[in-house]
Amino acid sequence: MERHGVLVVGGGLAGLRAAVEAKLSGADVAVLSLVYPMRSHSVAAQGGINAALGNADPTDSWERHAFDTIKGADYLADQDAVEEYARDAIERVLELDRWGVPFSRTEDGRIAQRPFGGAAFPRTCYAADHTGHAVMHTLYQQSLRLGITFYDERVALKLVKEGERVVGVVAMNLRTGELESYAARAVVMATGGAGRIYARTTNSHHSTGFGMALAYWAGAPLEDMEFIQFHPTTLYGTNILISEAARGEGGVLLNNRGERFMARYAPEKMELAPRDIVARSIYREVLEGRGFEGEYVHLDITGLGEDRIMERLPQIWELALKFAGVDARYEPIPVQPGHHYTMGGIDTDKHGRTEVPGLYAAGECACVSVHGANRLGGNSLLECVVFGKRAGESASSDAASASDPPSGPFEEAEREVEAWIGRLVERGGEERAENPYHLRAEMQRVMWEKVGIFRDEEGLSAAVAELKSIRKRYWEGAGVRSGGKTFNVALYDALATGGMIDVALAVASGALARRESRGAHYRTDYPRRDDENWLKHTLARFTPDGPVLEYRPVVITRWPPRERKY
Amino acid sequence: MRVEGEGGGAGVPAGGSGETVVFRVRRYDPESGVGPYYQEYEVPYRPGMTVLDGLLHILREVDQTLSLRYSCRQKICGSCAMLINGRERLACETQVAEVGRTVTMEPLPHLPVIKDLVVDVEPFLDKMKASMPYLIPRSDSENIRVPPEEFERYRVASDCIWCAACYSACPAAYSNPYYLGPAALGQLFRFEVDSREDPSVKPLRLVIADDDCAGVWRCHQAHACSEVCPKHINPGELIAELKREVLRARISGRI
Ligand SMILES: Cc1cc2nc3c(=O)[nH]c(=O)nc-3n(C[C@H](O)[C@H](O)[C@H](O)COP(=O)(O)OP(=O)(O)OC[C@H]3O[C@@H](n4cnc5c(N)ncnc54)[C@H](O)[C@@H]3O)c2cc1C
Ligand code: SF4
Ligand code: FES
Numbered sequence: 001m002e003r004h005g006v007l008v009v010g011g012g013l014a015g016l017r018a019a020v021e022a023k024l025s026g027a028d029v030a031v032l033s034l035v036y037p038m039r040s041h042s043v044a045a046q047g048g049i050n051a052a053l054g055n056a057d058p059t060d061s062w063e064r065h066a067f068d069t070i071k072g073a074d075y076l077a078d079q080d081a082v083e084e085y086a087r088d089a090i091e092r093v094l095e096l097d098r099w100g101v102p103f104s105r106t107e108d109g110r111i112a113q114r115p116f117g118g119a120a121f122p123r124t125c126y127a128a129d130h131t132g133h134a135v136m137h138t139l140y141q142q143s144l145r146l147g148i149t150f151y152d153e154r155v156a157l158k159l160v161k162e163g164e165r166v167v168g169v170v171a172m173n174l175r176t177g178e179l180e181s182y183a184a185r186a187v188v189m190a191t192g193g194a195g196r197i198y199a200r201t202t203n204s205h206h207s208t209g210f211g212m213a214l215a216y217w218a219g220a221p222l223e224d225m226e227f228i229q230f231h232p233t234t235l236y237g238t239n240i241l242i243s244e245a246a247r248g249e250g251g252v253l254l255n256n257r258g259e260r261f262m263a264r265y266a267p268e269k270m271e272l273a274p275r276d277i278v279a280r281s282i283y284r285e286v287l288e289g290r291g292f293e294g295e296y297v298h299l300d301i302t303g304l305g306e307d308r309i310m311e312r313l314p315q316i317w318e319l320a321l322k323f324a325g326v327d328a329r330y331e332p333i334p335v336q337p338g339h340h341y342t343m344g345g346i347d348t349d350k351h352g353r354t355e356v357p358g359l360y361a362a363g364e365c366a367c368v369s370v371h372g373a374n375r376l377g378g379n380s381l382l383e384c385v386v387f388g389k390r391a392g393e394s395a396s397s398d399a400a401s402a403s404d405p406p407s408g409p410f411e412e413a414e415r416e417v418e419a420w421i422g423r424l425v426e427r428g429g430e431e432r433a434e435n436p437y438h439l440r441a442e443m444q445r446v447m448w449e450k451v452g453i454f455r456d457e458e459g460l461s462a463a464v465a466e467l468k469s470i471r472k473r474y475w476e477g478a479g480v481r482s483g484g485k486t487f488n489v490a491l492y493d494a495l496a497t498g499g500m501i502d503v504a505l506a507v508a509s510g511a512l513a514r515r516e517s518r519g520a521h522y523r524t525d526y527p528r529r530d531d532e533n534w535l536k537h538t539l540a541r542f543t544p545d546g547p548v549l550e551y552r553p554v555v556i557t558r559w560p561p562r563e564r565k566y
Numbered sequence: 001m002r003v004e005g006e007g008g009g010a011g012v013p014a015g016g017s018g019e020t021v022v023f024r025v026r027r028y029d030p031e032s033g034v035g036p037y038y039q040e041y042e043v044p045y046r047p048g049m050t051v052l053d054g055l056l057h058i059l060r061e062v063d064q065t066l067s068l069r070y071s072c073r074q075k076i077c078g079s080c081a082m083l084i085n086g087r088e089r090l091a092c093e094t095q096v097a098e099v100g101r102t103v104t105m106e107p108l109p110h111l112p113v114i115k116d117l118v119v120d121v122e123p124f125l126d127k128m129k130a131s132m133p134y135l136i137p138r139s140d141s142e143n144i145r146v147p148p149e150e151f152e153r154y155r156v157a158s159d160c161i162w163c164a165a166c167y168s169a170c171p172a173a174y175s176n177p178y179y180l181g182p183a184a185l186g187q188l189f190r191f192e193v194d195s196r197e198d199p200s201v202k203p204l205r206l207v208i209a210d211d212d213c214a215g216v217w218r219c220h221q222a223h224a225c226s227e228v229c230p231k232h233i234n235p236g237e238l239i240a241e242l243k244r245e246v247l248r249a250r251i252s253g254r255i
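Chains as they are written, first to last, in my numbering: chain F, 1 to 566; chain X, 1 to 255.
Source of the hints: derived by calculation from the structure; they are not laboratory data.
Honestly, I wouldn't trust all of these hints.
[As the list claims (entries may be wrong)] Computed, partial: chain X to chain F, Cβ under 10 Å:
(1) E31
(2) R60
(3) E61
(4) L68
(5) T94
(6) V121
(7) P123
(8) K129
(9) Y134
(10) I136
(11) R145
(12) D159
(13) I161
(14) Y178
(15) E237
(16) A240
[Stated by the list, open to error] Okay, the calculated bits of chain X under chain F, using three or more residues with CB under 8 Å as the criterion:
(17) 47–57
(18) 70–80
(19) 147–154
(20) 191–199
(21) 208–216
[Said to hold, decoys possible] Computed list of chain X residues with no C-beta within reach of chain F, every gap over 10 Å:
(22) S226
(23) A249
(24) G253
(25) R254
Quick caveat, the model's predicted, so the values are computed rather than measured.
Beta carbons: idealized from backbone N, C-alpha and C, even for Gly.
Looking at chain F on its own, in the form it has when it is part of the complex (with noise of 0.2 Å):
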């Protein structure tokens, strides 16, 4: 058994700052991950990071990224939070300067930063169009270079507790196959979003949202998993997205007619509408038979010639040509609305602590709130650099003066875990066993389908009875055809599959339950946002027969909820 005193799960940007922090307060840190950190979604981030700094306009102020945040947030946000949030990313931003980050730069040498959707300032700092590679590297080279213990390609399957108490994990090497127990003092999850619960998404593929729900299985609640981003334009295929640039510099949205569709839902903005009408306009087309086959609508740039497609969009030039083998200089990109975000996950204070005792959370996993029921973007990475800062100070600032753990739990937990292993190898064998893969799809067509863009109560109910059929159908029926210890992917499928239809469950339960619209959640059947009745947060706490829910007010400080509008 290994021992730490911070454990941190996850190598993504919030796990990474986590650990930072951790070792820099002199903790006994180390880092468990499905993946080579660099491997992390996070990786993925194009556009930029927030903080006021006031390169690119003075007069711009925390205070002001903390009014967007909230107002961006549809009032969902605690604004406490918010404060501390959008004061801090200022000294993240430097900090992450001195480390080695390459940003982008002003002509006299400081960070450059643009306008983003959402912000009344230009206030986002970027690395050209890849700044989540650029600090997830920078803070990667930073823990090698602290001698951070790494644990590469092992994902954990439980969360161990003594009593109350989170006290390690059992994980698998995959390499191995092999069971492994981690203890530690504090286990801070940093496992990121769960974009794959839905059959689109923009995220990685191992955005599964598994350590969202080992943490409650293990008792923490999830908060307002019912809010999920959706982005207008992912590449039809993959999903991969495709940023609002191709429509900033002028690109189109057609359907199966031809029609500028967009004249019919946003005559004056029409293609730069806000995500969320963009999103919803698209999916209206294809739901009323104007789409492609596969529901895609075309995103057509062709009409700014070659020359402009080369000197201002070669990056989405290259996705269209590399990922869907479209030359979008001459064709149009088939584009359709997908997951992008998961607003909600498991329910943190302003330093990362849960409700159970050893037990911290940071990054897409967590839910603080600061994105309320809609995040800005450029507010995401600052979230992993905050709040996991924050969450590797709480946890080894109450690891130092914690006890170590005995073993006997982990014992048994390891049991368990391999008595779930045993059952989806065992079953495996058998002819009527059902796929994971297939049943990970159903799951995911369901969500779409009934959780997604547009939500009423008929769709809601059926999505949360078929979502409890499913998961039965899992830990009655599911087997994996293949038993092999070495890099056995299908089986570390299979057991994720197990968490994240509890995850959708959570998802979809929630959203039955909210009956208005608020930010990216949206009822046809209660079209309008509802202070009196639902200005609070959901909590969602696990049962096997699905979750629980509770709510609790929002914190507002000095802005009071008013209409959203742009």
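Go by the hints and put chain X with the ligands onto chain F.
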């Protein structure tokens, strides 16, 4: 209208045309006691399909014993480098249509195979780590200013995704186990020219670069690295620049 789950691509009707392609995968399972062999799969084809789409179709629908690495599926995480029809490529950014109706996939050469398409990347990572791939911050680093020209010098080198394609393709790294290889030397260069670093560290970087067995002089300029690099980093050119830095430092007596 029916939305499939994440198939080859989410929501994509698979192989509506009935067209197929042949995927030839080099298989190896250390537990079986059988040597490596090639296995052929018939995979439904659709226009726009990538090699990774095809491999995931096999894993999910045909053969769950297949092992491979993948994560971002958008050429930014560096997980999926492999030999595709004899050349180091990323499976996720390779269109099937671009490589032909029969696609052969093999694990990256020059690294030990763990299983099927999964190689042990530790030897590559050890070389990366030996190049001090991290900035050692200056103590006086308040109010940082980086001239845009300096940023331009390390911009391309900092695009590296640590995919190991170049390392695998490099004949010098193959014949000399001590040679750091193109990606690691590229990182050495990247930090050498970054003024945010403590200046007292710079000579150490150049000494590493100048090492007789491990450093820049082992590069034979085969330029295999630059040909395969999916990020168009041109590590060969970075090594050439690093050589010039080393020579300048020698002449000026800095190292
Ligand atoms: C295409 C795209 C573009 C984006 N652009 C931006 C942007 O411009 N600005 C912005 O602010 N945000 C952006 N985002 C959002 C942002 O990238 C993410 O919110 C953020 O990177 C999440 O980081 P994380 O550290 O929480 O998780 P991740 O980076 O997803 O890391 C999760 C880690 O957990 C590990 N893990 C998961 N489960 C387990 C387990 N069971 N056991 C062990 N390890 C596990 C994984 O291996 C991984 O290392 C974008 C997102 C997408 C999809
Ligand atoms: S230099 Fe290019 S080929 Fe080599 S590891 Fe980096 S990205 Fe891959
Ligand atoms: S899957 Fe990330 S580079 Fe191919």
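Evaluation of the provided hints:
1. E31: Holds: closest Cβ of chain F sits about 6 Å from X/E31, inside 10 Å.
2. R60: 4 Å, holds
3. E61: At about 7 Å, which falls below the 10 Å cut-off, the nearest Cβ of chain F leaves the hint on X/E61 intact, so it holds.
4. L68: At about 7 Å, which falls below the 10 Å cut-off, the nearest Cβ of chain F leaves the hint on X/L68 intact, so it holds.
5. T94: Constraint on X/T94 satisfied, holds at 8 Å.
6. V121: At 7 Å from the nearest chain F Cβ, X/V121 passes the 10 Å test, so the hint holds.
7. P123: For X/P123, the interface hint is violated, since the closest Cβ of chain F sits about 14 Å away, which is over 10 Å.
8. K129: Check passed: Cβ of X/K129 comes within 6 Å of chain F, closer than 10 Å.
9. Y134: Because about 4 Å separates X/Y134 from the closest Cβ in chain F, which is inside the 10 Å limit, the hint holds.
10. I136: 7 Å, holds
11. R145: OK, holds: X/R145 within 10 Å of chain F, min 3 Å.
12. D159: At about 7 Å, which falls below the 10 Å cut-off, the nearest Cβ of chain F leaves the hint on X/D159 intact, so it holds.
13. I161: 7 Å, holds
14. Y178: 20 Å, violated
15. E237: Nearest chain F Cβ about 18 Å off; hint violated.
16. A240: It is violated, given that the least Cβ distance between X/A240 and chain F is near 21 Å, above 10 Å.
17. 47–57: holds (count 5)
18. 70–80: holds (count 10)
19. 147–154: holds (count 4)
20. 191–199: holds (count 4)
21. 208–216: violated (count 0)
22. S226: X/S226 clear of chain F: closest Cβ-Cβ about 18 Å, beyond 10 Å.
23. A249: 21 Å, holds
24. G253: About 28 Å separates X/G253 from the closest Cβ of chain F, which puts it past 10 Å; holds.
25. R254: 22 Å, holds
Hints 7, 14, 15, 16 and 21, counting from the list given before, are not met by this structure.
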